[in-house]
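Q: Protein chains in written order, with the working numbering: chain A, 1 to 182; chain B, 183 to 364.
There may be inaccurate statements among the hints.
[To be verified] Straight-line C-alpha distance at most 25 Å; calculated BS3-like pairs for lysine-lysine:
| no. | chain 1 | residue 1 | chain 2 | residue 2 |
| --- | --- | --- | --- | --- |
| 1 | A | K43 | B | K237 |
| 2 | A | K109 | B | K246 |
| 3 | A | K154 | A | K167 |
| 4 | B | K336 | A | K55 |
| 5 | A | K130 | B | K354 |
| 6 | A | K154 | B | K349 |
| 7 | A | K43 | A | K66 |
| 8 | A | K134 | B | K290 |
| 9 | A | K99 | A | K154 |
| 10 | B | K246 | A | K43 |
| 11 | A | K42 | B | K354 |
| 12 | A | K172 | B | K349 |
| 13 | B | K246 | A | K172 |
| 14 | B | K246 | A | K66 |
| 15 | B | K225 | B | K290 |
| 16 | A | K170 | B | K246 |
| 17 | B | K319 | A | K170 |
[Stated by the list, open to error] A few chain A residues that don't get close to chain B, going by computed Cβ distances all over 10 Å:
| no. | residue |
| --- | --- |
| 18 | Q33 |
| 19 | R36 |
| 20 | W54 |
| 21 | L85 |
| 22 | L87 |
| 23 | K92 |
| 24 | K104 |
| 25 | L124 |
| 26 | K125 |
| 27 | N151 |
| 28 | E165 |
Hints listed in this document are in silico derivations from the structure and should not be mistaken for laboratory results.
The structure displayed is predicted, hence computed values, not measured ones.
Ideal Cβ placement from N, Cα and C applies to all residues, glycine included.
Residue-level listing of the chains:
Protein chains: 2
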Amino acid sequence: MVLSFAGLFCFTIYMIILYTGNGKGKTTASIGQTIRALGEGKKALMIQFIKGPWKSGEDYFFQKTKNFQIIKAGKGFVGILGDRLPLASHKKAAKDALKLADKKILSKKNDLVILDEINVAVGLKLISEKDVLKVLKRIPYGVDVILTGRNAPKTFIDLADIATEMKEIKYKFNPAKQGIEY
Amino acid sequence: MVLSFAGLFCFTIYMIILYTGNGKGKTTASIGQTIRALGEGKKALMIQFIKGPWKSGEDYFFQKTKNFQIIKAGKGFVGILGDRLPLASHKKAAKDALKLADKKILSKKNDLVILDEINVAVGLKLISEKDVLKVLKRIPYGVDVILTGRNAPKTFIDLADIATEMKEIKYKFNPAKQGIEY
Chain A
1 MVLSFAGLFC FTIYMIILYT GNGKGKTTAS IGQTIRALGE GKKALMIQFI KGPWKSGEDY
61 FFQKTKNFQI IKAGKGFVGI LGDRLPLASH KKAAKDALKL ADKKILSKKN DLVILDEINV
121 AVGLKLISEK DVLKVLKRIP YGVDVILTGR NAPKTFIDLA DIATEMKEIK YKFNPAKQGI
181 EY
Chain B
183 MVLSFAGLFC FTIYMIILYT GNGKGKTTAS IGQTIRALGE GKKALMIQFI KGPWKSGEDY
243 FFQKTKNFQI IKAGKGFVGI LGDRLPLASH KKAAKDALKL ADKKILSKKN DLVILDEINV
303 AVGLKLISEK DVLKVLKRIP YGVDVILTGR NAPKTFIDLA DIATEMKEIK YKFNPAKQGI
363 EY
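Model the full assembly from the supplied sequences, consistent with the hints where possible.
A: Here is the structure:
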């Protein structure tokens, strides 16, 4: 959020919402937020920084939905789940995703842009905190941005208008159940 | 979650997910969860215990969506926002909502049932913790239930398979912006 006329008239010209923490609900909350936006006739876009090319329930659901697109920019999880990709490949994918995010945000074609797992991409040093801040600091009027992922840098929280920590209280559930967990 | 054969074979026959805390994202996370379920071809239902009859972005969005229904069982916010209803009226609405929830869960017609703001309804003593536990303890095979709302009773957390606290880190945003906040 920035102020017009040096704060004389305070109104939101864009908004950054941040979901972080080790608990469940960060990406799903951003999807729920998307539903609210779509219901109001707005356009939304999600760029996924970490998740790979496989499909989740939301991908199937949104196939038929106008005004919302999910771009899977990530190369899958890094260093786990059988990942054999060189780190350079993950870094390139994340950097390209950030460039794309910048372009899409600046184009103003979407009212809401979700940068899914971008906090994690920064935590893994696939992209730098500084480069993300550059993108966030030039969000144009009328575009809202949601950042998700664990371990959000303090600078992102400082910049955000709304920040929530999804904190795990308990998680006794194994294996992941299709349609609930992915 | 309960165990079959006294724990010899452990598998999920139903699941309770709980979202609590003072932060943003509880209802939106449950809506995102709904999207995942719908994407997998499942049926879902949301019963709103507190929110009143006015419409939010998600109501407009889901008007055209098959396999998901939102039932606004609550009589609006209690004691705030110009509420003039007698407490008895709120209590009756919440009790009826719980009866309906029980019936809908037992019918097994929905794979996912969201009891939105039910924790708040208990906190306001519109319905008793004990009566909700009765409903939760007889969830049949194949039905998942999401409970949302601040100040979830410990007994609900104990019963849940997954519980997340949405904890407010910051919230500088006023007034509520249509399509983001409601």
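Q: State for each hint whether it applies.
A: Hints, one by one, checked against the model:
no.	hint	verdict
1	K43/A to K237/B	holds, 19 Å
2	K109/A to K246/B	holds, 24 Å
3	K154/A to K167/A	holds, 17 Å
4	K336/B to K55/A	violated, 35 Å
5	K130/A to K354/B	holds, 23 Å
6	K154/A to K349/B	holds, 16 Å
7	K43/A to K66/A	holds, 8 Å
8	K134/A to K290/B	violated, 50 Å
9	K99/A to K154/A	holds, 22 Å
10	K246/B to K43/A	holds, 17 Å
11	K42/A to K354/B	holds, 23 Å
12	K172/A to K349/B	holds, 21 Å
13	K246/B to K172/A	violated, 35 Å
14	K246/B to K66/A	holds, 12 Å
15	K225/B to K290/B	holds, 10 Å
16	K170/A to K246/B	violated, 35 Å
17	K319/B to K170/A	holds, 18 Å
18	Q33	violated, 5 Å
19	R36	violated, 3 Å
20	W54	holds, 13 Å
21	L85	holds, 26 Å
22	L87	holds, 30 Å
23	K92	holds, 29 Å
24	K104	holds, 19 Å
25	L124	holds, 22 Å
26	K125	holds, 23 Å
27	N151	holds, 13 Å
28	E165	violated, 4 Å
In this structure, the hints that do not hold are numbers 4, 8, 13, 16, 18, 19, 28, in rising order.
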